[in-house]
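Student: Spelled out from the first residue to the last, the chains are:
Protein chains: 2
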Amino acid sequence: MEDVGPVEAVVRLRSGRAPERVRALVGARVDQDASLADLGRAERCGARLVVPEDDEWPALPLHALTLALGEEPTEPAGQSDRTRAPVPPLALWVRGTARLDELVDRSVAIVGSRASTAYGEHVAAELGHQLGERGWTVVSGGAFGIDAAAHRGALAAEAPTLAVLACGVDRPYPAAHGALFHRIADNGLMVSEWPPGCAPLRHRFLVRNRLIAALTRGTVVVEAAARSGAQATARRAQDLGRPVLVVPGPVTSALSVGCHELLRDEDLGAVLVTSAAQVLEAVGRIGDDLAPPVEGPSSPRDGLSDVALRVLDACPVRTGVPPDRLAAVAGCDVLDVLRVLPALELADLVEWTGTGWRLAL
Amino acid sequence: MEDVGPVEAVVRLRSGRAPERVRALVGARVDQDASLADLGRAERCGARLVVPEDDEWPALPLHALTLALGEEPTEPAGQSDRTRAPVPPLALWVRGTARLDELVDRSVAIVGSRASTAYGEHVAAELGHQLGERGWTVVSGGAFGIDAAAHRGALAAEAPTLAVLACGVDRPYPAAHGALFHRIADNGLMVSEWPPGCAPLRHRFLVRNRLIAALTRGTVVVEAAARSGAQATARRAQDLGRPVLVVPGPVTSALSVGCHELLRDEDLGAVLVTSAAQVLEAVGRIGDDLAPPVEGPSSPRDGLSDVALRVLDACPVRTGVPPDRLAAVAGCDVLDVLRVLPALELADLVEWTGTGWRLAL
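As you go down the protein sequences, you meet chains A and B in turn. 53 is the number of the first residue of the first sequence in this note's numbering; add one for each residue after it. 53 is the number of the first residue of the second sequence in this note's numbering; add one for each residue after it.
Derived from the structure by calculation, the hints contain no laboratory data. Glycine included, C-beta positions come from ideal geometry on N, C-alpha and C. Keep in mind that a hint or two might mislead.
Said to hold, decoys possible - To spell it out: a stretch of chain A is covered by chain B in this simulated footprint if at least three of its residues, at any positions, have a beta carbon under 8 Å from a beta carbon of chain B; those stretches are:
hint: 1; region: 218–230
hint: 2; region: 300–308
hint: 3; region: 378–385
Let the hints inform the model, and build the full structure from the sequences given.
Tutor: Pasting the structure below:
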């Protein structure tokens with residue numbers, strides 16, 4: 053491919069002129085030519101094949117895979133196996149009217165468990181909705197649980213969303229998501245490396261995950277069990293230099309164990325997020341998307357000096373007491389008490405009863 | 053105090069020979085002498101006054117306060133105010149039969165919101181119980197909510213627990229915790245810097261919090277609202293070089309907002325914990341208390357090679373297919389398929405139907 057380009061590579065493979073090592077990798081497939089059938093099938097379902105020469109090819113995001121591949125060790129023993137290797141896709145089958153490069157330009161992946169809880173689905177839908185409202189594309193895998201909730205949240209905000217599949221784009225998997233996939237294709241895109249008709253084989257999900265990580269500016273993990281696929285996707289994102297963002301959950305929930313493990317892994321450097329604003333702070337342009345700080349309730353006590361607070365604490369609820377008694381309880385000088393009382397009275401925190409000072413209620 | 057010792061300092065204060073600056077700090081209290089009354093009141097409730105000269109004085113943990121005080125800036129403008137200054141206690145009023153230094157030697161603080169949720173109380177009680185079972189002392193503030201749940205968890209494990217109060221040790225505050233405080237004093241200790249009879253003034257909680265942080269090997273925050281006292285205690289622990297450990301919760305819970313803020317604060321370096329084992333890994337002796345890694349379910353697929361996994365994925369569920377078909381779907385050579393099939397069959401993952409290979413179910 054790198055030496056002679058895709059067309060010549062196929063010609064050489066088919067005519068038996070490819071190097072032995074390459075022929076072994078392609079294996080039994082070398083005699084099959086389904087190209088025309090694939091293209092016909094794509095046309096029938098309204099899909100197209102996007103190649104690196106196309107304008108809409110997402111060259112910039114996918115360059116992270118080329119870089120990661122270049123960092124693989126030279127000796128075969130240390131290299132990632134074929135399923136996990138950071139190989140850039142040769143082409144992408146795309147279904148939907150939007151332009152692929154535009155959709156992924158400002159995009160975030162939301163991934164998580166298929167066996168999600170109501171909590172996780174709520175959070176994923178909320179994140180999907182808020183990211184969609186702010187003009188960001190939610191990318192996920194179209195699976196049950198967290199994936200579907202994230203897609204639906206984005207659709208509810210009438211925002212485009214992108215499903216990266218481990219099977220052909222004409223093949224609703226899971227089958228129960230047929231209607232969801234139609235809505236995604238109407239508003240956003242269905243994307244796959246495999247031609248229409250391909251089955252969702254297990255290892256393809258692992259291959260697919262690197263694409264979700266590469267296409268997006270960061271990956272949010274909403275719920276993940278211990279040793280789960282969502283954890284794997286998060287680590288792929290880290291390998292590609294993308295921020296890994298993790299939503300925590302109850303420590304009593306098995307579906308948050310994987311999330312908490314990711315957050316405890318110091319080497320991973322995952323960031324805890326609780327809102328879309330915090331997600332955008334991590335993936336957005338610097339300065340553009342700062343999350344507002346979480347604010348607690350404000351109180352009239354805010355801004356009082358240390359002495360004023362101590363005097364206020366010393367004031368009784370019912371019977372008023374004289375300043376020297378306040379000074380004794382507050383542990384300060386009577387002059388200090390007399391100095392801070394006017395401010396406390398102005399703030400309606402204390403009142404004069406005629407015989408002494410007490411709290412104003 | 054530092055120059056002439058506590059006895060001479062009091063004599064000079066009472067006789068008006070103390071420096072003006074010191075007299076101003078002591079203020080209206082200088083004329084009161086409640087020492088004998090305090091000691092009598094302590095004796096009546098079974099409490100004692102522990103001073104630095106006593107064997108049970110926890111000199112080592114409290115030394116962190118002396119160190120922190122030494123790091124305060126020299127100019128008064130930059131110094132912590134009196135409520136927040138890291139001043140070591142002069143003496144401690146202690147109620148209970150246990151030795152103070154022994155109880156705090158292996159201790160962990162568990163702090164959190166008074167207005168806790170059932171989730172937070174469950175986690176605090178569970179942590180208190182498990183830490184107690186492993187011979188660690190749970191230190192908390194005796195308040196409603198998380199504090200009480202942590203104390204009760206430790207008591208349920210028949211482990212000593214230590215309540216550090218912001219009022220006199222003879223004064224049950226909150227009043228509804230009278231029975232709890234009796235159980236704590238029977239099994240562990242009630243500790244206060246203020247003499248018996250003192251009221252739980254608001255600023256005393258802030259003063260008290262530094263003591264909870266100093267006495268323990270680390271502070272666990274279980275539930276905390278935004279801008280809460282538990283957050284403040286966590287920051288005091290960090291100031292003293294003690295690990296800050298934080299239990300996450302649902303991002304939909306207002307009572308976990310403070311916890312998540314602590315975990316998002318990179319400067320704080322708080323560690324997310326989900327179990328007593330993880331708490332002990334952070335505060336225990338190195339190598340002694342490593343938490344076991346969280347394990348997911350193991351599967352017969354574990355340990356299979358990349359090619360074996362792809363061949364396994366290529367096997368159909370019902371009708372068996374020949375090896376060359378498996379090779380075409382798996383994207384490998386027929387020889388590879390023939391090489392891995394015996395291992396897959398031995399692991400009961402695939403079976404021969406007489407005409408081809410399929411998944412063994």
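Student: Now tell me, hint by hint, if it's right for this structure.
Tutor: Each hint, compared with the structure:
With a cut-off of 8 Å between beta carbons, the region 218–230 of chain A has 0 residues touching chain B; three or more are needed, and the interface restraint is violated. Here's how the region 300–308 of chain A fares: 6 of its residues keep a CB closer than 8 Å to some CB of chain B, so the rule of at least three is met and the hint holds. Counting residues of the region 378–385 of chain A whose CB falls under 8 Å from any CB of chain B gives 7; the rule of at least 3 is met.
In terms of the numbered hints stated before, the structure departs from hint 1 and from no other.
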